[in-house]
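Trainee: For reference, the chains in residue letters:
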Amino acid sequence: MTMSTIIWFDLAYLIGSICIVWGLKKMSSPDSAGAGNTLAAVGMGLAIVSAIFYPLGDSDNGNLIWIFGGLLLGTGVGYVLAKKVAMTAMPQMVSLLNGMGGATAMILGLVEYLRIGPDSGSFASNLTVVFALLVGSVSFSGSVLAYLKLEGRVDDKKITLPFHSAFNLVLLAIVLSGTCALSYATDWGIALLFLFTVLAIFYGLSFVAPIGGADMPVVISLLNSFTGISAATAGFVYGNLMMIVGGILVGASGTILTLMMCKAMNRSLWNVIVGGFGNAGPGVAADSNQQVKSVGLTDAAIQLAYSKTVLVVPGYGLAVAQAQKVCKELDELLEANGVDVRYGIHPVAGRMPGHMNVLLAEADVPYPKLLDLEEANDFLNQCDAVVVIGANDVVNPAAERDPSSSIYGMPVLKVWQAKNTIVMKRSMGKGYAGIENPLFFEKNTYMLFGDAKQTLQGLVSEVKGLG
Amino acid sequence: MEAFIEIVSKNYLLIFLLVFTVILGFEIISKVPTVLHTPLMSGSNAISGIVIIGAILLIRQSPSDAWIELVAGMLGLALAMVNVVGGFAVTHRMLEMFKKKKK
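Residue numbers (this note's numbering), protein chains in the order written: chain A, 1 to 467; chain B, 1 to 103.
Derived from the structure by calculation, the hints contain no laboratory data. By construction, the Cβ of each residue, glycine as well, lies at the ideal position given by its N, Cα and C atoms. Some clues are possibly wrong.
Stated by the list, open to error - Between beta-carbon pairs, the in silico distance windows are:
#1 A:Ile6 <-> B:Ala66: 19 to 29 Å
#2 B:Glu96 <-> A:Lys464: 43 to 53 Å
#3 A:Ile6 <-> B:Glu96: 33 to 43 Å
Produce the entire structure from the sequences given, and follow the hints as far as they go.
Mentor: See the structure below:
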């Protein structure tokens, strides 16, 4: 193959990279985001075609049947997964897919080390291979565990050891020394390589194990960024510029989202990784004299229908009950009665960044009705009624008032400033943070117990009855 | 230290590219509004499937009788492809929902 042929394939990589960058840029507005996604997919297609036909000279052994077999298999599985997944299960889906990218980087690291590592012997080239293997393994096993947790198949509390964070630090130190050892001494044999891989996989599990519940958006973003970094490192292994560009963009995206989620909780990344909410003090115990007031469906319906402005605060409970469509139905009925209905979306509501926005979009709620934390808090000053659906910690006044509370300092939705607040909840159970919520005892708070979907359906028929 | 200098000098252009991509990435991503964070995540997730290039190159350079390498390579390729196709398709599905209520 001549140079002039190669240039066309390099050009394809370049155009592919531009497509991906441009596609991400178009993600900055809901109107152009769809086109952006398509553009990025076209860029990816160009990359795949270019990689299949790129002139490799003598080292090319074809093996196209294996390549097309893999492509076909992956396309089939990926397509079915994407079609079948429910919008409420999006965090699990993203974790699972993320783990697969990590697994690929892990496999590449293993095979490349076995193939070229021992011969070439250069520390630099070995280090990139081992690093791709390390980050890929961690992101693979971490994502799989995050998936299992989100599916509810693994309980957070059962897999956390005493002194878990110290244990993790030791494990990390061991894995990092392994990285150096493998990069220097390649004649130690493959036993060390496999031991190292097992340890790296175990570290991924142990790293994610103590983090759960409301911290899930942080961990998912972080794992996303790991997979990007592993892809970029693999790009160094193959000297492929497009892999570096793609991987780094994902790494940057994951990092930014991670930092945003931490900021939304007013906690450092270190604090999220090392200490879960559960480790903090119990906060001020609830005064046993305090009573919660519950309200019936009819009264709640009347209160909402005769309000001028209503703010809905959705949380993970809305997703669990799959109640987004009924919620929109109630919204429409109230709007027909002349009520101004808005939604207050806390950045960490749900189990991944933007989770609530997607659910409400599925239910056809127009996005201008969704208010972010600041807008919602402004709106609350003159709001007649708030409906909290399956959210807890993000509306907890202890974050403002109680310095001993573990969530003190976290910016929350100040729903207690509205004239009345209706809280839909399954029971008096605590939120993920495991702390009391004084909101329930406020004088203008009314509890509406039951499954979110059934309760909302009840409200819908009550409001209909009023009309 | 020597090893570090070796890495930098050997990969100077790649590191140059890396630094600028980091800056570009932060610039672009920080402009994405909260509403779109989930699609951004699944979309960028699909982009991390770019690691598929590595899997393709690996298979192409494997000796045709190296079964273990080929099977491992194909597994990696298939997983990356699930990541790519699943990621873009699911992002498309989500963004369609954002689009339809514009009218």
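Trainee: Decide, hint by hint, whether the structure agrees.
Mentor: Hint-by-hint comparison with the structure:
no.: 1; hint: A:Ile6 <-> B:Ala66: 19 to 29 Å; in the structure: 26 Å, holds
no.: 2; hint: B:Glu96 <-> A:Lys464: 43 to 53 Å; in the structure: 30 Å, violated
no.: 3; hint: A:Ile6 <-> B:Glu96: 33 to 43 Å; in the structure: 39 Å, holds
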